[in-house]
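Asker: Construct the complete structure from the given sequences, taking the supplied hints into account.
Here is how the chains run, residue by residue.
There are 2 protein chains.
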Amino acid sequence: MSPEAVNLVATRFKVLSEPLRLQILQYLENGESSVTNVTKAVNSTQPNVSKHLKILQDEGFVAKRQEGNTVFYKIADESIFELCDVVCGSLKERYSEKSAIFG
Amino acid sequence: MSPEAVNLVATRFKVLSEPLRLQILQYLENGESSVTNVTKAVNSTQPNVSKHLKILQDEGFVAKRQEGNTVFYKIADESIFELCDVVCGSLKERYSEKSAIFG
DNA sequence: TGAGCATATAACTATATCGTTATACTGTCA
DNA sequence: TGACAGTATAACGATATAGTTATATGCTCA
Chain A
1 MSPEAVNLVA
11 TRFKVLSEPL
21 RLQILQYLEN
31 GESSVTNVTK
41 AVNSTQPNVS
51 KHLKILQDEG
61 FVAKRQEGNT
71 VFYKIADESI
81 FELCDVVCGS
91 LKERYSEKSA
101 IFG
Chain B
1 MSPEAVNLVA
11 TRFKVLSEPL
21 RLQILQYLEN
31 GESSVTNVTK
41 AVNSTQPNVS
51 KHLKILQDEG
61 FVAKRQEGNT
71 VFYKIADESI
81 FELCDVVCGS
91 LKERYSEKSA
101 IFG
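Chains as they are written, first to last, in the numbering used here: chain A, 1 to 103; chain B, 1 to 103.
Hints may be right or wrong, so weigh each one.
Remember, identical chains collapse to one label, so a pair may be satisfied in a single copy or spanning two.
[Stated by the list, open to error] Mimicking EDC-like on lysine to aspartate or glutamate, the simulated pairs with C-alpha atoms at most 16 Å apart in a straight line are:
| # | residue 1 | residue 2 |
| --- | --- | --- |
| 1 | K74 | D85 |
| 2 | K92 | E78 |
| 3 | K51 | E67 |
| 4 | K40 | E93 |
| 5 | K40 | D58 |
| 6 | K92 | D77 |
| 7 | K92 | E4 |
| 8 | K74 | D58 |
| 9 | K54 | E93 |
| 10 | K14 | E29 |
| 11 | K51 | E29 |
| 12 | K64 | D85 |
| 13 | K64 | D77 |
| 14 | K40 | D77 |
| 15 | K64 | E32 |
| 16 | K51 | E78 |
| 17 | K74 | E32 |
| 18 | K54 | D77 |
Hints listed in this document are in silico derivations from the structure and should not be mistaken for laboratory results.
Answerer: Given below as structure tokens:
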């Protein structure tokens with residue numbers, strides 16, 4: 001893998017390395033949602049959620065759609081769930097005694 | 001996924017979000033290696049590589065083995081390559097025009 | 001025991017980013 | 001047009017971490 005490719009991959013992992021962003025993605029797995037509803041779902045503030053949604057959008061993980069004055073975001077790259085599955089599987093192996101918290 | 005699980009997953013992604021650490025993992029894919037050789041391979045400094053190796057080990061991605069006064073590190077969790085493959089695939093789709101740099 | 005090599009750690013600077021607060025922007029509706 | 005709701009952005013403080021330099025630790029061998 002070339003250095004540029006390594007950097008792009010690292011950036012992708014970095015975007016997924018914030019718990020709040022993972023929570024947002026997890027919530028959006030249920031379907032598209034307005035910023036206000038995402039904010040409520042993840043129990044944060046609107047500006048903070050807005051900022052994180054922008055980061056997720058810049059990386060192509062989510063896409064936005066405007067309707068009136070409300071903006072709806074939805075998952076744009078399903079591979080994130082595959083990534084989480086792989087990580088969870090690995091974590092389950094490593095912390096087999098803690099595996100209960102992964103359901 | 002519970003909040004604790006989200007945090008553990010986020011931590012895992014964070015460890016993989018540094019280009020140098022990805023380079024180290026990529027190099028170790030060829031087999032175990034001493035710290036000195038890793039340092040040369042990734043073109044960094046010994047203390048820096050040592051620090052990153054510790055981070056990778058704490059997360060269970062690599063394991064160490066001491067022989068005399070040299071320490072050998074090797075991959076301890078093959079799932080990282082699966083993760084990189086998924087990310088690369090997703091990136092290829094997104095930047096299809098740039099896909100050449102991924103080989 | 002003492003020199004020298006390999007690795008780890010400590011202390012530091014610089015940079016990045018999270019979350020907050022305040023405010024700007026944009027669209028709707030009376 | 002004016003008020004308000006939804007979203008985005010700017011500015012700020014606080015925290016975290018990458019990389020460097022210096023040094024400590026631990027092993028080997030003469």
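Asker: Indicate, hint by hint, whether the structure satisfies it.
Answerer: Cross-check of the supplied hints:
With identical chains, the CA atoms of K74 and D85 are never at most 16 Å apart, being 19 Å at best within one copy and 24 Å at best between copies. In the homo-oligomer, the alpha carbons of K92 and E78 lie at most 16 Å apart only across protomers (14 Å), although the nearest pairing inside one protomer, at 22 Å, exceeds that limit. For the homomeric pair K51 and E67, neither the shortest alpha-carbon distance inside one copy (19 Å) nor that between copies (49 Å) is at most 16 Å. Within a single copy, K40 and E93 get their C-alpha atoms no closer than 33 Å, and across copies no closer than 32 Å, so neither meets the 16 Å cut-off.
Neither within a single protomer nor between protomers do K40 and D58 lie at most 16 Å apart by alpha-carbon distance, with minima of 22 Å and 34 Å respectively. Only between protomers do K92 and D77 lie at most 16 Å apart by alpha-carbon distance; the minimum there is 12 Å, versus 24 Å within a single protomer. In this assembly of identical chains, K92 and E4 lie within 16 Å of each other by CA distance solely across copies; the values are 13 Å between and 32 Å within a copy. For the identical chains of this complex, K74 and D58 are intra-copy neighbours only, at 13 Å inside a copy versus 34 Å across copies, given an alpha-carbon limit of 16 Å.
Taking CA atoms no more than 16 Å apart as the test, K54 paired with E93 passes in neither setting, with 34 Å inside one copy and 20 Å between copies. Within a single copy, K14 and E29 get their C-alpha atoms no closer than 20 Å, and across copies no closer than 22 Å, so neither meets the 16 Å cut-off. Taking the shortest Cα distances, K51 and E29 never come within 16 Å of each other, neither inside one copy (19 Å) nor across copies (36 Å). Taking CA atoms no more than 16 Å apart as the test, K64 paired with D85 passes in neither setting, with 25 Å inside one copy and 27 Å between copies.
In this assembly of identical chains, K64 and D77 lie within 16 Å of each other by CA distance solely inside one copy; the values are 13 Å within and 36 Å between copies. In the homo-oligomer, the alpha carbons of K40 and D77 never lie at most 16 Å apart, since the shortest distance is 23 Å inside one protomer and 37 Å across protomers. For a Cα distance limit of 16 Å, the shortest separation of K64 from E32 inside one copy, 9 Å, qualifies, whereas the shortest one across copies, 45 Å, does not. For the homomeric pair K51 and E78, neither the shortest alpha-carbon distance inside one copy (21 Å) nor that between copies (34 Å) is at most 16 Å.
In this assembly of identical chains, the alpha carbons of K74 and E32 lie at most 16 Å apart only when taken from the same copy (4 Å versus 42 Å across copies). In this homomeric assembly, K54 and D77 come within 16 Å of each other (Cα to Cα) only inside a single copy, at 15 Å, whereas the closest approach across copies is 32 Å.
Hints 1, 3, 4, 5, 9, 10, 11, 12, 14 and 16 from the list above are not met by this structure, while the remaining hints are.
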